[in-house]
Structures are given as structure tokens and as C-alpha cells.
Amino acid sequence: MKQGVIPDQLTAPFWEAANDSKLVIQKCSKCDRFQHPPAQECGQCGSAGDLTWEEVSGKGRLYNYGVVHDCPIRLLQDDQPFNVAVVMLDEDPGIQMYSHLPGTPVDDVPVGADVEVVFEDTANGQKVPEWKVV
Amino acid sequence: MATEYAPSSMYRSSEGMGVWEHRGKVAAVGIGHSPTERRWDESPETSVGAWSIIALRQAIADAGVAPDQVDGLVIVPVTTTGAFWPDDKPLPREAIEAFVQTSDPLDGIAKLSHEWLLKNMPELTNIKYSVYAPVCMSNALNVAAQVIGDGLAHTVLVLKAWHNLEGRYYQGGANAQDAIDGTSAIRSLWGAPACYGTALQFAEYCRKYGKDHEMMTPFIINSRRNGLMFPEGYWAQHRPEELTPEDYQLARWIAKPANLFDNDIPIMCAAAYLFTTAERAKDMKQKPVYILNHVDSNAVPRGLTPTLDEVESECALTAKKIYEGAGITAADLSFENMYDGFTEFHQFHIEGLGYRGIGFGDALDFYQTDISIEGPNPVSPSGGNIGSGRSRFWMHTDSIQQIQGRAGGRQITGVDPEIGVSGGPMPLGGNYTVWSATPD
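Order-wise, the sequence lines are chains E and W.
Counting from 1, one number per residue, gives the positions in the first sequence under the numbering used here.
Counting from 1, one number per residue, gives the positions in the second sequence under the numbering used here.
Quick caveat, the hints were computed from the structure, so don't treat them as lab data.
Hints may be right or wrong, so weigh each one.
[Claimed, not checked] Here are some, though not all, of the chain E residues that point toward chain W, as calculated from beta-carbon distances under 10 angstroms: (1) T11; (2) W15; (3) V56; (4) G58; (5) F82; (6) A85; (7) I95; (8) T104; (9) P110; (10) D114; (11) V128; (12) K132; (13) V133.
[What the hints assert, rightly or not] Residues from chain E that keep clear of chain W, each with C-beta distances beyond 12 angstroms, as calculated: (14) D20; (15) C45; (16) E55; (17) S57; (18) K59; (19) R74; (20) L76; (21) Q77; (22) D79; (23) D90; (24) D92; (25) P93; (26) E116; (27) V118.
Beta carbons are placed, not taken as given, at the ideal position from N, Cα and C, and that holds for glycine.
Using the sequences provided together with the hints, build the complete structure.
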């Protein structure tokens with residue numbers, strides 16, 4: 001089970017959307033550029049006032065993965081070993097999301113495969129984006 | 001006045017800066033090391049402060065200067081290997097009270113300030129310029145070289161120390177909690193250990209170039225071998241065990257494809273160097289090792305973790321800056337001591353350098369050739385962090401010692417050690433120094 005999440009000011013829109021089963025990504029309207037992880041300023045132009053949140057399709061591609069055998073997080077240690085994959089979004093392959101790839105066998109990950117977002121509960125009920133191979 | 005961090009203007013971060021304006025005018029002349037230990041036993045004699053003093057005094061003695069000749073101090077105030085003193089644990093009073101204290105009781109225990117050092121090293125009576133460097137010795141060396149080159153001080157001590165407390169690496173704090181804040185969660189909720197990002201890059205590298213984890217074996221064996229000939233290092237001092245190919249290949253995974261031996265072991269240790277002007281170095285006890293250039297890499301990945309493309313691009317850029325500022329080419333390198341603490345990015349560093357003519361995708365084949373200190377293509381003669389534990393400074397000590405001809409059992413014999421490069425840590429974010437037997 002993943003640790004619970006306590007949304008903070010910077011990331012609240014991301015987590016609130018997840019609870020509504022939506023995936024939103026921070027975007028600089030001035031640069032027309034997504035960024036993730038969220039930040040207080042645009043990583044490209046430095047603007048703080050032009051950052052918005054935009055819903056994306058939740059479709060992507062499996063870019064890469066590793067298999068975690070020695071996890072530093074207590075709540076996940078009973079689940080070892082497990083996949084931790086990197087997904088790149090269709091809207092912008094520069095945007096990466098981590099995933100445990102629910103339903104995909106450990107170390108049998110189809111790199112390059114299409115994936116789509118699902119939403120899972122964490123330890124405190126906050127939902128989190130996860131990804132399943134299509 | 002409180003000591004501040006070195007300003008960004010001290011770093012050589014951009015391509016196109018030309019040959020370093022102080023090329024060959026700064027030299028390393030002294031080295032000092034504390035003992036090593038796996039974890040702190042909470043005695044005053046082995047505290048991070050005590051060991052810093054040992055390292056600094058050794059560097060002064062090694063250089064053969066009087067303490068009052070030292071007029072500059074560059075240190076890294078952060079000493080943690082990943083553990084901080086727990087809020088609910090009683091302070092180690094015996095260790096704290098064994099030294100002259102500052103207002104912070106953990107100063108000299110789990111961090112280190114200039115103020116603490118000067119209070120506890122009364123012989124340093126002439127410090128006129130002091131500055132902090134972040135994170136690593138590699139960074140502090142860049143700062144110290146620039147401090148001397150710019151004339152801010154003429155005889156500078158550079159220090160990095162590490163404390164390692166009881167308990168498993170990164171297992172406490174937020175990682176032990178039932179819930180974490182939203183900003184941290186976006187990166188850490190999936191439980192990836194520290195080596196995960198590098199393991200990912202290595203996995204992509206293997207897919208792209210048709211390599212595999214087993215091909216890392218000669219590098220790992222070579223690193224441990226060199227480390228066991230590093231008397232200042234952890235493995236040589238405490239666990240003089242040679243590593244076999246089977247040891248490596250059958251080791252447990254941490255984040256596959258990175259296993260136990262692809263990770264460096266966190267330890268307690270401290271090292272110090274004494275830098276001075278090339279002019280003053282002529283008359284000192286040790287053979288001067290001249291600094292031809294120093295370089296900063298500070299690339300930021302677009303996403304959560306650097307891609308292989310980003311890594312290769314930055315390593316190539318770093319190499320261009322290294323060569324441009326030093327006024328050398330890859331062919332001038334006698335040896336390389338690039339960072340290895342995770343093993344699986346050492347190849348990115350040396351491929352970026354074009355060391356011995358290799359390009360991206362070539363290093364693991366190169367590892368199958370003679371990369372020993374006796375051969376023509378020495379790789380990581382220090383043994384790095386893999387050979388001696390996590391300090392991020394063995395490669396600098398070794399580079400200086402190789403050129404001075406006092407690397408002992410590790411002395412390179414297959415080539416003349418005239419010019420070497422050392423630095424790190426990460427491919428996207430590190431600091432590098434070019435060392436030379438001559439100032440020209």
C-alpha cells in the first residue's frame with residue numbers, strides 16, 4: 001500500500017483532480033508548455049503568474065522501468081519486489097509519471113507499450129494516478 | 001559575519017569561456033585523511049568534528065606549511081550520508097562537550113561550520129577568507145581553486161566530512177510515516193531507492209547499445225582491487241575482501257538492474273587538501289599538482305528522472321568544457337577518476353570524455369580490455385567510492401597522489417601520470433578538476 005498523501009498548496013489541484021479520477025498537469029500558458037513535477041514557477045520562462053492546470057487524456061507510453069527489491073518506504077516493503085516504471089504522456093513525452101504498473105508481472109514489463117491512467121487509493125484514501133498496459 | 005556559500009560566479013558552468021584564466025597558477029600540495037568507520041560510535045574521538053580536525057591537520061603537515069600561513073578555508077557544512085540526528089533522540093552530550101561549542105549543539109556532530117572549526121583549531125590564526133561549498137568535495141575544490149586564482153587567499157584548506165549514524169540508509173523520517181506531503185509524494189510515493197534513476201538510465205543504455213549488467217563485472221572487480229590498495233579507504237581498513245565475478249553477479253538487487261555492489265557503502269570519513277599558488281608551491285614539501293581547469297555541470301532534467309539522451313548530452317557538454325578550459329584534448333589524459341558512486345553512471349562520464357577514444361555505447365566493451373593500473377588504459381585508479389566507500393573524494397586524492405608518484409600500490413605503471421581528471425557526482429550535476437604534473 002502506498003503512503004497516504006497530504007495535499008499541499010502547490011500540488012492540491014493535482015491531488016483533487018485525482019480524487020475525481022482526472023489527470024491534470026501544470027502548464028505555463030505563456031510558453032504553452034507542460035511541466036511535472038509541479039513548481040512555483042515555469043521552468044522555462046520563470047513566470048509564476050502564467051501557470052495553470054490542464055486536464056490531459058491519461059494516455060501514454062511505457063518509457064522505462066526498474067524493479068525495486070530494497071525499498072526505503074516502510075509501507076511498501078511487504079510488496080517487494082515490485083515494478084517502478086516511467087510513463088511518458090502522449091500530450092508531451094517530456095512529461096513523466098511513475099507507476100507500479102498494476103496487473104503487470106514483476107520484471108515482465110513491455111517497454112514501449114501503450115498505457116492508460118487508472119486511479120488507486122493510498123493509505124489515507126487519497127487517490128493517486130496509476131497506469132495499466134492497454 | 002556569517003560564512004556564505006560560494007557565489008555562482010566562482011563556477012565555470014558554461015561552454016565558450018575559453019581557457020581558464022588561472023590555468024596552472026593554482027596547485028595542490030597537501031592531503032589529509034581521517035580514519036574511516038561504518039557508523040559513528042558516538043564517542044568524541046570519532047565525531048565528524050574530530051575527524052575533520054585530523055584531516056585538516058594532516059593536510060597542513062603534509063604540505064609542510066605552518067598553520068598560521070593558511071589564510072583561506074573552504075568547507076562543505078553538510079555532513080550527512082542520508083541520516084540526520086533524530087528529533088526524539090537525546091543529544092550526545094559527551095561528544096558535544098568534548099569540544100568548544102557553537103550555538104548549534106549538533107555542530108561538529110551532524111554538521112560542520114567554519115565557526116566550530118576555528119574554535120577547535122586555535123592554530124588557524126590567520127584565516128582571512130572563508131566560504132562554504134555545497135554537497136561535495138568536488139564542488140569545494142572548484143571553489144578553492146577559484147579563490148586562490150582570484151587572489152582572495154593564497155593558502156587554502158579544503159574540507160569535506162561525512163557522518164553516518166546508526167540505522168538503515170534513508171529508512172527513517174518521511175519514509176517511515178503513513179502519509180507524506182503532496183509535493184514529496186509526486187516523486188517518492190512509488191518507493192524508488194536512491195540508485196533507481198541511475199538504474200533506469202543503465203537499463204535504457206543496455207537496450208540501446210545491446211549491453212548487459214554482467215559486462216560491468218571487470219569494472220567492479222578493478223574498482224575493489226584498486227580500493228584495497230587505498231590504505232585511507234574503508235574496505236582496505238575494515239574489510240579487505242577481494243570481490244569475485246560471482247560475488248558481483250549473484251549479489252542481491254537493490255533496484256534491478258542495480259545490485260548491492262553497484263551502490264557505494266555509506267561511511268564516516270573526512271578529507272582535506274591544501275591548495276596554494278603555483279608560485280608558493282614551488283618551495284613546499286610535496287611536488288605540486290597544478291590545476292588546469294575546473295568545471296561545473298548543473299543541467300536540470302525535464303521530467304522526474306533524467307533520460308539517457310539528457311545524460312549523454314550533458315556528459316558530452318561537460319567534457320567540452322573540461323577540455324576547453326584546460327587547453328587539452330582527450331588524448332592528453334593519462335588517467336581518469338570520474339565518479340562511480342553508482343557504478344552504472346561511470347561509463348557515461350568516460351564516454352562523454354571520449355577517454356581513450358571511446359564513444360557513447362563503447363564503455364562496457366572497453367571494460368573487457370585491460371583497465372588496470374598496470375595497463376595502458378587505467379580506469380578509476382582510485383577505485384572510487386566502490387573501492388573505498390562513499391566519500392566522493394577518493395578520486396581527487398588519487399589524482400593528486402598519482403601525479404606526485406605517491407599512490408603506493410595503486411601507482412599507475414602503464415602510462416606516465418601527467419594529466420588526470422576527477423569529479424562528479426551525477427552526470428547531470430557535478431564538478432570536475434583537471435590535474436597536471438606541470439603548469440603548462
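Results of checking the hints against the structure:
This hint holds: T11(E) has a C-beta 4 angstroms from the nearest C-beta of chain W, less than the 10 angstroms allowed. Because the closest C-beta pair between W15(E) and chain W is about 5 angstroms apart, less than 10 angstroms, the hint holds. The beta carbon of V56(E) comes no nearer than 14 angstroms to any beta carbon in chain W, farther than 10 angstroms, and the hint placing it at the interface is violated. Interface hint status for G58(E): violated, as the beta-carbon distance to the closest one in chain W is roughly 16 angstroms, over 10 angstroms.
Annotation: interface hint on F82(E) holds; nearest CB of chain W at approximately 8 angstroms, less than 10 angstroms. Hint status for A85(E): holds, given a least beta-carbon distance of 9 angstroms to chain W, under 10 angstroms. With a cut of 10 angstroms, the hint placing I95(E) at the interface with chain W holds, because the nearest CB-to-CB distance is about 6 angstroms. With 10 angstroms as the threshold, the beta carbon of T104(E) stays out of range of chain W, its nearest partner Cβ sitting at about 14 angstroms, so the hint is violated.
A least Cβ separation of about 12 angstroms between P110(E) and chain W goes past the 10 angstroms threshold, and the interface hint is therefore violated. Residue-level restraint check for D114(E) is violated (minimum Cβ-Cβ distance to chain W is 18 angstroms; threshold 10 angstroms). A hinted interface residue such as V128(E) counts as satisfied when its beta carbon comes closer than 10 angstroms to some beta carbon of chain W; here the least separation is about 6 angstroms, so the hint holds. The restraint placing K132(E) at the interface with chain W is violated, with a minimum CB-CB distance near 15 angstroms, outside the 10 angstroms limit.
Checking V133(E) against chain W: minimum C-beta separation of about 16 angstroms lies over 10 angstroms; hint violated. Distance to chain W confirms D20(E) as a non-interface residue, since its nearest Cβ pair spans about 15 angstroms, more than 12 angstroms. The claim that C45(E) is not at the interface with chain W holds, since no C-beta of that chain comes within 12 angstroms of its own (minimum 14 angstroms). Every CB of chain W is more than 12 angstroms from the CB of E55(E) (nearest about 17 angstroms), matching its label as outside the interface.
With 12 angstroms as the threshold on Cβ separation, the claim that S57(E) sits away from chain W holds: the shortest Cβ distance comes to roughly 18 angstroms. Every C-beta of chain W lies more than 12 angstroms from that of K59(E), the closest at about 17 angstroms, which supports listing it as non-interface. Here R74(E) does not stay apart from chain W, with its beta-carbon only about 5 angstroms from theirs, under the 12 angstroms limit. Here L76(E) does not stay apart from chain W, with its beta-carbon only about 4 angstroms from theirs, under the 12 angstroms limit.
Residue-level check failed: Q77(E) sits 8 angstroms from the nearest beta carbon of chain W, not beyond 12 angstroms. For D79(E), the shortest C-beta to C-beta distance to chain W comes to about 8 angstroms, within the 12 angstroms cut-off, and the non-interface label is violated. Every CB of chain W lies more than 12 angstroms from the CB of D90(E), the least distance being 14 angstroms, so the non-interface label holds. Chain W draws D92(E) into its interface by the beta-carbon criterion, the shortest separation being 9 angstroms against a cut-off of 12 angstroms.
For P93(E), the non-interface assignment is contradicted: its Cβ lies about 9 angstroms from the closest Cβ of chain W, within the 12 angstroms cut-off. Distance check on E116(E): its Cβ is at least 18 angstroms (rounded) from any Cβ of chain W, clearing the 12 angstroms threshold; non-interface status holds. Interface exclusion of V118(E) from chain W stands, the closest Cβ pair being 15 angstroms apart, more than 12 angstroms.
Violated hints, listed in ascending order, are 3, 4, 8, 9, 10, 12, 13, 19, 20, 21, 22, 24, 25; each of the other numbered hints is respected by the structure.
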